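*Asks:* Keeping their order, the protein sequence lines are chains B and V.
Per my numbering: the first sequence = residues 1 to 782.
Per my numbering: the second sequence = residues 1001 to 1163.
It should be emphasised that the hints constitute simulated quantities derived from the structure, not laboratory data.
The model shown is predicted, which means the values in this text are computed figures rather than measured ones.
No residue lacks a Cβ here, since even glycine has one placed at the ideal position from N, Cα and C.
A few of these clues could be false.
Chain B side only, calculated, beta carbon under 10 Å to chain V, not exhaustive [said to hold, decoys possible]:
| id | residue |
| --- | --- |
| 1 | VAL19 |
| 2 | ILE31 |
| 3 | ALA128 |
| 4 | ILE129 |
| 5 | GLU130 |
| 6 | TYR133 |
| 7 | MET197 |
| 8 | PHE251 |
| 9 | GLY496 |
| 10 | GLY677 |
| 11 | LEU693 |
| 12 | THR696 |
| 13 | ASP707 |
| 14 | ASP765 |
| 15 | ARG766 |
| 16 | ALA770 |
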Amino acid sequence: MGSKNFGARVTRFEDVALVSGKGQYVDDIHIAGTLHAAFLRSPHGHARIRSIDTSAAMRCEGVHAVLTAADLPERMRKQRMPLLLPNATMATLRTQHSLAVDEVCYVGQALAIVVADSRYLAEDALAAIEVDYEVLAAVSDVRAALADGAPRAHADLDSNVVSQFVMNYGDVEAAFASAPHVFREELWQHRGGGMAMETRGVLAQTNVTTDSLTLWSSTQTPHIARRMLAEVLDVDLESIRIIAPDVGGGFGPKAIFYPEDAVVAHASRALGRPVKFIEDRREHFLCATQERDQYWNVEIAVDNDGNILGVRGDMLHDTGAFVPWGIIMPYIAGATMPGPYVVPAYHLACTVAFTNKVATTPVRGAGRPQAVFAMERLMDRVAHELRLDPADLRRRNYIRPEQMPYSVGLIFRDGKPLIYDSGDYPRGHDAALKLAGYADFPARQAAAKANGRFIGIGVASYVEGTGLGPFEGVTVRILPDGRVRVTSGATSQGQGTRTTLAQIVADRVGCRIEDVAVTIGDTAGIANGVGAFASRLAVNAGSSASIAGDHVRVSILKLASRALGLPESEIDLEDGKAIGRGGNRPTISFGELSRAAQGMPGFSMDADHPVGLEHTAYFTPTQASYCSGTHVVEVEVDVGTGAIKILNYSVAHDCGNVINPMIVDGQVQGGVAHGIGNALLEWMQYDENAQPLTTTFADYLLPMATDVPICAIAHVETPSPLNPIGVKGAGEGGTIPAAAAIIAATENALSSFGVRFTETPLMPDRIVQALQRAGAYGKHVA
Amino acid sequence: MTTTHSISVNINGKTYTRDVEARMTLADFVRHEIGLTGTHLGCEHGVCGACTVLIDGRSARSCLTFAVQMNGRSLTTVEGLSVAGGLNPLQQAFQEHHGLQCGFCTSGILMSLTELLSDNPDPTEQEVRETLTGHLCRCTGYAGPVRAALATAEHLKSIKGAA
């Protein structure tokens, strides 16, 4: 068995259609007779609904239906949306109704759906719906949510606290009591969005004849969405088919099953017509889930050499008005903080609280960027206070490769002990420093300073639990024409999943990669599936592809041995053919073998004759596999304007064995761009009434081509022992330490002014204000 | 009742005559009336650039343009880029240099780069990046699109040099 494709820079199958305008995103799918939906949304952060009058809207041109909660079937009306991740911790895990009943708890919460001949007409009718609101006090800032007498995010709840839990190990009290140095930081990371360029979308087509329902959805998780939709509609799971066609970016928010999805599906069933809803960008800002928004108050105890003795503190997580993804994300954050370092004792008290904002659920990084920001800001503080080089400080605290597997002492989000399976953090660290020219930086900095320029360098490292279970299945089937069909519950929102699965399968069965056809993101393709989140598909689906491919290979060899009259050990599988090694190299094609595996009508097969050349594998990882990396960033700060320019960005990244370096580099580069946005640009702002203030791309800034340099990337490959292909996730690592490294670099550039930064996004005005407070303009700038 | 207007517009070399409402955007017209869905809508407020098309050879946001403004005009969309059923050099470079991931913003980027390379066959990296500031891409971090654009310019120069 060769590895012609695994590890190779294979260009993507997906691209030819996508660069030709022939992609099929949800809104590109046209079915005759489709009606179009628009949603009426709350303009208030918190209000009681006294009444809704839809009668005028019903009379508008082209309107087929106007539905409020009162018009929904009893189950949808009375029960809230299903909770994806129930949790044993004491928690108020409230989800929202499909359409608001009595109360709205964030701006944008849907109250009614209009279904009309066109989106234009549907929006016309929205304006004719009359709602009588009693505006209630809203809670916007999660810190204020905890104050005595704070307004309640939900009128019927006694408290805004969703959950409180502690993550700890070791004797943290003793560590701090005897520590020669203790440093404290108060840190905040903003709230931002996934901001996939394609907004959410769903097209529901009911089929009256077969009593079934097909949904095309921009979801990351079609199988989960099917399960939840079946529950909401109270119908047979297998009467629903969900297809994620081409999906224009995910980044987390598309892993959620949204109320609109259920309401559109219901509308299609009720009207007997296809119904399409395409979220507009403003709605995406209002209603698609967001992330970050955590306040950390943490301290670190170190000895005189900077060795970590303990870390402790508390963290406050703003979950918004609802908790559709449970409290997993703050939990991940707590488990991520110790990171690549030996932290002998740790205690983090986490509080999750409601506000009247849209819910937070994982966005690329999922709690980890906040935790890494907290840990790395503490490390930089230690380096500053003890006058140590920040890179040296990190190096002396790293877990050593010989300590792997390393048990941190916590329980991770998958319920398993937090055990790092593999990794060589010092090696990654050194690789990143080398790429960055770290050793020469002081000379560069001095030269720049002599020219009146302020450049700085920052380092940040992380460990990320990836490849979470429960499973992802893959079927590999040899078709009668010799082509290889691969189906999986895996999905793609741009990661090139089809190409990477084809690379794996082609090698395992011994065929040309161009003869592999991959179908993903369709619940009809495979019985069970999970989907894309937690950087899990390379590990889960990749492993299943490898295992299924190996099984099919065994069957091929068995049949080829009979057909060619040779022992299996004398047969090679290459380019879709079984070839005898000796003599005149007798050959039989996979197509012929596939047909042989179908038998002859009416004739019995031998007992061990393979029936159909196919196999389905469901790889189930025993625990997360832990990828890691170090980022080194060099920035220049314009002290006059507060503008930051990223000069160099270096990444050492360990995702185990690399299946396709081109795709992994693309994931890293894109992840870094997202991290640059988090660090410097993206800030979803709300006023004191929880009214969103940044609802266009002119107000909420995404990184542009002039903001993101091309990263220098080194792959450090320590294969995971936990799966057959030795891979770890690669989709989020680019984002996770970026803000920590960029803020450190900025601080380093301005070290002569003694300014420190503890928040993101670090916008130019904040830099100028900090410099003003430091007296910089009096001292250094005319 | 809404009033419609008859327009005649050349799209990718073919003339279409349709009755449209005054408020219909060019993007919706191209996508839903003509069925050319390669032009995508990412923000509908003129920032993201996914909907960029060429009107008489100049880039424009089809989300901020009304279909009625196109009467008698000539339009190129991403579907008009392919040559003889295959990819043109820019499209090929996007595949070769991993210039796209999800592909949603790509159509608009291809249109702006087509205009850039037509105006300036030998752009610097900075010029490519400035052109790309008319577009938001959440997936690639822009490295792939920049490399693809520069590689295309090199390729076109080498063809021209050989001719």
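*Asks:* Against this structure, judge whether each hint is valid.
*Replies:* A quick look at each hint next to the structure:
no.: 1; hint: VAL19; verdict: holds, 4 Å
no.: 2; hint: ILE31; verdict: violated, 12 Å
no.: 3; hint: ALA128; verdict: violated, 16 Å
no.: 4; hint: ILE129; verdict: violated, 20 Å
no.: 5; hint: GLU130; verdict: violated, 23 Å
no.: 6; hint: TYR133; verdict: violated, 27 Å
no.: 7; hint: MET197; verdict: holds, 4 Å
no.: 8; hint: PHE251; verdict: holds, 7 Å
no.: 9; hint: GLY496; verdict: holds, 7 Å
no.: 10; hint: GLY677; verdict: holds, 9 Å
no.: 11; hint: LEU693; verdict: violated, 16 Å
no.: 12; hint: THR696; verdict: holds, 5 Å
no.: 13; hint: ASP707; verdict: holds, 9 Å
no.: 14; hint: ASP765; verdict: violated, 21 Å
no.: 15; hint: ARG766; verdict: violated, 23 Å
no.: 16; hint: ALA770; verdict: violated, 27 Å
In terms of the numbered hints stated before, the structure departs from hints 2, 3, 4, 5, 6, 11, 14, 15 and 16, listed from lowest to highest.
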